[in-house]
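So the protein lines, in turn, are chains H and U.
First residue of the first sequence? That's 6 in the numbering used here, and the numbers climb one at a time after it.
First residue of the second sequence? That's 295 in the numbering used here, and the numbers climb one at a time after it.
Hint data in this document are derived by calculation from the structure and do not stem from the laboratory.
Incorrect hints may have been included.
[Stated by the list, open to error] Listed next, the stretches of chain H that the computed footprint assigns to chain U, with coverage defined by at least 3 CB atoms under 8 angstroms from CB atoms of chain U:
| no. | segment |
| --- | --- |
| 1 | 70 to 83 |
| 2 | 244 to 256 |
| 3 | 389 to 398 |
| 4 | 574 to 588 |
[As the list claims (entries may be wrong)] Partial list, derived from the structure: chain H residues whose beta carbon lies under 8 angstroms from chain U:
| no. | residue |
| --- | --- |
| 5 | F167 |
| 6 | A271 |
| 7 | L281 |
| 8 | A413 |
| 9 | P416 |
| 10 | Y459 |
| 11 | A604 |
[To be verified] Here are the computed lysine to any residue pairs in the SDA-like style, where the Cα-Cα straight-line distance is at most 20 angstroms:
| no. | chain 1 | residue 1 | chain 2 | residue 2 |
| --- | --- | --- | --- | --- |
| 12 | U | K595 | U | S563 |
| 13 | U | K392 | H | F489 |
| 14 | U | K470 | U | K496 |
| 15 | U | K541 | H | A604 |
| 16 | U | K496 | H | F489 |
| 17 | U | K392 | H | I62 |
Note that the coordinates shown come from a computational prediction; the quantities given were computed from them, not determined experimentally.
No residue lacks a Cβ here, since even glycine has one placed at the ideal position from N, Cα and C.
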Amino acid sequence: MLKFWRKIKNNRTNEGHPFRLKFNLREKSIVFLLFITASLAIFFSAAIIYTLLDGAIPFFSEINIIDFLTGTTWLPTESIRAFGVLPLIADTFIIAGGGLLIGAPLGIAAAIYLSEFASPRVRSIVKPIIELLAGIPSIVFGFFALMFVSPFFVDTFGATYFNGISAMIVIAIMIMPIVISISDDAMKAVPNHLRDTSLAVGATKWETATKIVMPAASSGIMASILLGLARGIGETMVVLMVAGGRPGYSIFGPMLTMSGYIGRTATGDMPPGLPLYAAFAVGIVLFVIAYGVNSLGARIVLQIKTGSSVKTRSKKKRMILFRIISKISTLILGFFMKIGGIIKRLIRKIRKAKPLTLARRYLKQKIGVSIIAGSILVAFIFLILLLYYVFSTGVGGLSWTFLTSYPAPEPERAGILPVILGSVYLMLLTILIAAPIGIGAAIYLNEFARDTRYTRFLRRIIQNLAGVPSIVFGLLGYFFFAHFLGFGMSLLSAGLVLSIMILPIIVVATEEALKSVPDSFREAARGVGSTRWQTVRYHVLPYAVPGISTGLILSLSRGIGETAPILFIVSYFGKTAPSGILDGFMSLPSQIYYWAQHANHDFQTLAASTIIVLLFILLSMNAVAIVIRQRAQAKRDW
Amino acid sequence: MNMIRGSNKKFYKTLVIIASLAMCTAVLSGCIGGNKQALIQTGSSTVLPLAIKWADRFDGADISVSGGGSSHGINALLNGDVDLGDASRLMKGSDYEKVGCDSSLVNDDGTASAACNGIHPIKWVVAYDMLAVVINPDNTWATQLNYTQLYKIFTDDNPAVYWDEVTGLDEAPHEKIEIYAPDEASGTYDYFYEEIIPKWGKDDQQANSRLEMENTIYNPSADDNVILNAIADRTYAIGFFGFAYYKENPTSVSAVWVSEDDSNYQEPSFNNVANYPIARPLHIYTNGVPESGDIINDYLKFILGEEGQDLVPEVGYVRLNLVDEKLVTEQLAKL
Numbered sequence: 006m007l008k009f010w011r012k013i014k015n016n017r018t019n020e021g022h023p024f025r026l027k028f029n030l031r032e033k034s035i036v037f038l039l040f041i042t043a044s045l046a047i048f049f050s051a052a053i054i055y056t057l058l059d060g061a062i063p064f065f066s067e068i069n070i071i072d073f074l075t076g077t078t079w080l081p082t083e084s085i086r087a088f089g090v091l092p093l094i095a096d097t098f099i100i101a102g103g104g105l106l107i108g109a110p111l112g113i114a115a116a117i118y119l120s121e122f123a124s125p126r127v128r129s130i131v132k133p134i135i136e137l138l139a140g141i142p143s144i145v146f147g148f149f150a151l152m153f154v155s156p157f158f159v160d161t162f163g164a165t166y167f168n169g170i171s172a173m174i175v176i177a178i179m180i181m182p183i184v185i186s187i188s189d190d191a192m193k194a195v196p197n198h199l200r201d202t203s204l205a206v207g208a209t210k211w212e213t214a215t216k217i218v219m220p221a222a223s224s225g226i227m228a229s230i231l232l233g234l235a236r237g238i239g240e241t242m243v244v245l246m247v248a249g250g251r252p253g254y255s256i257f258g259p260m261l262t263m264s265g266y267i268g269r270t271a272t273g274d275m276p277p278g279l280p281l282y283a284a285f286a287v288g289i290v291l292f293v294i295a296y297g298v299n300s301l302g303a304r305i306v307l308q309i310k311t312g313s314s315v316k317t318r319s320k321k322k323r324m325i326l327f328r329i330i331s332k333i334s335t336l337i338l339g340f341f342m343k344i345g346g347i348i349k350r351l352i353r354k355i356r357k358a359k360p361l362t363l364a365r366r367y368l369k370q371k372i373g374v375s376i377i378a379g380s381i382l383v384a385f386i387f388l389i390l391l392l393y394y395v396f397s398t399g400v401g402g403l404s405w406t407f408l409t410s411y412p413a414p415e416p417e418r419a420g421i422l423p424v425i426l427g428s429v430y431l432m433l434l435t436i437l438i439a440a441p442i443g444i445g446a447a448i449y450l451n452e453f454a455r456d457t458r459y460t461r462f463l464r465r466i467i468q469n470l471a472g473v474p475s476i477v478f479g480l481l482g483y484f485f486f487a488h489f490l491g492f493g494m495s496l497l498s499a500g501l502v503l504s505i506m507i508l509p510i511i512v513v514a515t516e517e518a519l520k521s522v523p524d525s526f527r528e529a530a531r532g533v534g535s536t537r538w539q540t541v542r543y544h545v546l547p548y549a550v551p552g553i554s555t556g557l558i559l560s561l562s563r564g565i566g567e568t569a570p571i572l573f574i575v576s577y578f579g580k581t582a583p584s585g586i587l588d589g590f591m592s593l594p595s596q597i598y599y600w601a602q603h604a605n606h607d608f609q610t611l612a613a614s615t616i617i618v619l620l621f622i623l624l625s626m627n628a629v630a631i632v633i634r635q636r637a638q639a640k641r642d643w
Numbered sequence: 295m296n297m298i299r300g301s302n303k304k305f306y307k308t309l310v311i312i313a314s315l316a317m318c319t320a321v322l323s324g325c326i327g328g329n330k331q332a333l334i335q336t337g338s339s340t341v342l343p344l345a346i347k348w349a350d351r352f353d354g355a356d357i358s359v360s361g362g363g364s365s366h367g368i369n370a371l372l373n374g375d376v377d378l379g380d381a382s383r384l385m386k387g388s389d390y391e392k393v394g395c396d397s398s399l400v401n402d403d404g405t406a407s408a409a410c411n412g413i414h415p416i417k418w419v420v421a422y423d424m425l426a427v428v429i430n431p432d433n434t435w436a437t438q439l440n441y442t443q444l445y446k447i448f449t450d451d452n453p454a455v456y457w458d459e460v461t462g463l464d465e466a467p468h469e470k471i472e473i474y475a476p477d478e479a480s481g482t483y484d485y486f487y488e489e490i491i492p493k494w495g496k497d498d499q500q501a502n503s504r505l506e507m508e509n510t511i512y513n514p515s516a517d518d519n520v521i522l523n524a525i526a527d528r529t530y531a532i533g534f535f536g537f538a539y540y541k542e543n544p545t546s547v548s549a550v551w552v553s554e555d556d557s558n559y560q561e562p563s564f565n566n567v568a569n570y571p572i573a574r575p576l577h578i579y580t581n582g583v584p585e586s587g588d589i590i591n592d593y594l595k596f597i598l599g600e601e602g603q604d605l606v607p608e609v610g611y612v613r614l615n616l617v618d619e620k621l622v623t624e625q626l627a628k629l
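Between the sequences and the hints, there should be enough to build the whole structure, so can you do that?
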């Protein structure tokens with residue numbers, strides 16, 4: 006035993022063996038620790054699957070799985086037992102698909118404008134607006150849909166109080182930023198020589214954009230559509246608040262999506278037994294659909310980012326898959342183009358073709374550009390309307406009393422101090438859990454991991470965590486952390502859930518920050534004899550800190566706005582902020598949710614005031630992130 | 295090298311800042327939180343407003359209150375996740391079964407004869423909730439209805455399409471009935487049908503809700519406002535919701551007098567709750583009878599005492615002593 010320690014000691018001092026690779030306990034344990042943090046993602050994914058299966062197994066022991074998957078009647082009561090999930094799937098796709106049908110064309114048009122026509126000045130104005138739209142929590146969209154959009158459809162189109170169309174419209178706007186940013190990236194990635202060549206042979210900029218750049222970026226555009234669809238399918242709060250409680254096929258009537266049903270089990274007086282277990286069965290279906298759509302989209306994005314489609318491994322399968330995807334995407338885009346062509350030909354036939362002069366081609370460009378620029382205006386107007394409505398409703402409720410008291414049952418006395426503190430603690434706890442895991446995992450994956458099957462698996466798992474619908478995290482939070490692990494309906498359970506939820510964002514941001522440090526730094530450090538960990542610790546991490554902290558702040562601002570993941574465990578009343586991590590807690594978005602639906606309508610004003618506070622916090626966080634980013638860029642000396 | 299050290303220092307600086315921030319807030323919360331004991335209460339969304347009212351006025355503890363439904367409340371209590379579980383219905387055998395205990399341990403009155411996983415749920419009746427069947431103020435023919443008539447209107451068992459098809463309402467106009475009422479996710483829905491459909495929720499249930507028919511005239515809504523407005527606007531509409539909501543809007547709709555048989559029609563009102571047939575107790579379940587000195591014991595005494603009961607009508611529910619004077623004294627005796 007003594008010998009062993011001496012050996013280690015000798016090895017560590019490296020006495021007498023200047024060229025022998027030393028055994029460094031510290032180094033090894035650090036790398037091992039990093040490896041563990043990265044591997045935690047497997048545990049998290051397993052926890053999600055365990056939660057869903059644990060609830061679904063008692064359900065499927067009573068209800069035939071075939072009946073469940075093929076049934077067309079959804080009447081989830083203990084006595085009737087009509088658990089046919091098809092109406093829920095149909096409603097999910099009607100709402101998400103309808104949203105996509107509106108949001109995707111607007112988004113793609115906006116992306117074309119931004120990437121091909123906008124001046125840097127316009128870009129610098131429009132980009133933050135899009136980011137702002139992307140950063141607004143879904144509870145705020147839900148509130149706006151309930152209070153403003155839905156009454157509009159009720160008054161003008163005779164829609165019922167709860168209706169699918171409001172959810173659809175709002176989801177369309179929520180999808181837009183995703184479609185815009187990914188399509189924009191995809192079109193930016195199209196090599197410039199293609200544009201130059203096209204312009205050189207005399208095509209107008211419009212023709213270049215639509216006939217050269219867009220087809221070249223088609224797989225990226227397809228990916229943006231898929232990711233947008235995944236967002237729409239997984240959206241919970243908006244459908245929970247405005248869509249209603251029964252599946253129906255008319256968009257002007259009530260509709261019930263899969264995430265909506267799961268959300269209702271957290272908020273309604275559900276009878277015990279099968280109707281509750283059904284939420285897990287529905288959760289599995291939702292999980293599989295959203296996961297599939299999302300990972301398909303994410304894979305295409307990855308392939309665009311890395312340039313080539315496939316790496317060395319199991320080529321054939323992947324090649325085939327990729328070919329199928331690109332075939333499908335070109336087919337779909339081609340289909341639309343064909344339809345466009347047919348329409349064009351028809352128009353030409355009717356109007357008797359005039360020769361295609363240069364003037365006409367430029368006119369076409371002018372009209373085209375103004376139309377796609379207009380699509381940005383749609384997002385802009387929606388944002389203004391939303392902000393105006395929230396501010397005009399809520400600003401009256403803002404007062405010192407409101408900011409310093411607790412949510413009393415009478416609106417005159419009600420305030421949000423412990424709610425704000427609850428959200429702040431939740432954020433701190435989340436960052437305390439998520440930052441070490443996320444940064445550790447990213448360091449491991451980027452700096453230490455070899456390209457093994459296991460690493461690729463890890464990457465995929467982490468990446469796919471991003472595709473899990475938020476309401477499924479809600480089930481995880483209550484049934485796994487609060488109940489199975491016994492953490493109760495506490496701050497800790499909520500912090501853990503939000504940590505897992507923002508983990509992929511932190512990993513991606515950290516990896517990008519690490520990648521931005523030039524390899525020459527690493528080579529130089531290794532060259533003068535630093536170990537791998539020393540290299541990372543002293544020569545890579547310090548330069549990545551600004552990037553990492555920006556990523557952390559942005560991921561947190563995502564976490565603080567989430568309602569669905571903590572829907573099952575959050576409290577709606579409490580006089581004080583939690584004083585320990587096992588206490589119950591309130592949070593800003595959940596308080597908005599509760600007050601927005603309160604029977605006493607004065608509370609809806611307070612909900613709007615709470616939104617103002619929440620948006621203020623989010624904006625401040627984003628401002629800090631921007632400052633850090635800019636200072637780091639100004640200071641950068643390589 | 296210097297520069298690296300510099301950024302290195304910065305790295306630690308940020309760490310220190312984050313740590314101190316965390317400390318600050320922890321200290322701050324200590325100040326604001328005081329040293330009061332924290333309780334967690336969850337369950338029925340019907341009980342929620344009442345629970346919030348009590349938690350607000352009770353000074354002995356910091357009580358976090360959340361909703362989520364009666365099943366959730368009982369389940370969370372049986373799992374040991376919360377201190378108090380709210381329920382607008384009685385505990386059933388299935389609640390025990392769900393957490394892996396013998397369902398026969400639960401009695402018909404919602405109490406348990408033995409503990410489950412070390413938790414022995416004790417039922418406390420804390421208030422009463424009435425349900426109002428409401429019609430348009432212009433409706434003169436259905437101002438009083440019995441259970442047979444409600445059954446004919448609200449179930450799928452050979453239901454009446456026109457008002458004059460309802461048993462005993464031959465004089466009513468030949469106009470179509472429209473129903474505006476809560477959807478099946480609400481506790482009120484379950485509770486209404488439990489009253490008018492024999493063996494509701496059992497395997498041999500006699501009929502189903504009219505909501506579950508094809509092309510139904512039952513318009514469900516989760517929002518009581520919608521129901522209220524719809525019935526106020528439509529002469530031939532009928533519906534139901536919690537009495538609390540009717541009390542807030544007594545002029546826009548009228549409440550129906552109800553009778554279980556064909557005699558003795560009763561008016562829904564606070565003072566008549568003992569006779570009105572569609573009234574139900576609201577419960578809080580605790581783990582065992584809390585010992586005196588325990589904060590939960592103090593809280594229950596507060597709820598059942600004068601101060602707590604005085605708050606009940608403010609939320610639109612009915613004080614216990616209006617139903618049965620003994621309920622209060624019997625329960626207080628246990629504490």
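Item to check | Hints not upheld, ascending by number | outcome: When the structure is compared with the hints, numbers 3, 9, 10, 12, 14 and 16 turn out to be violated.
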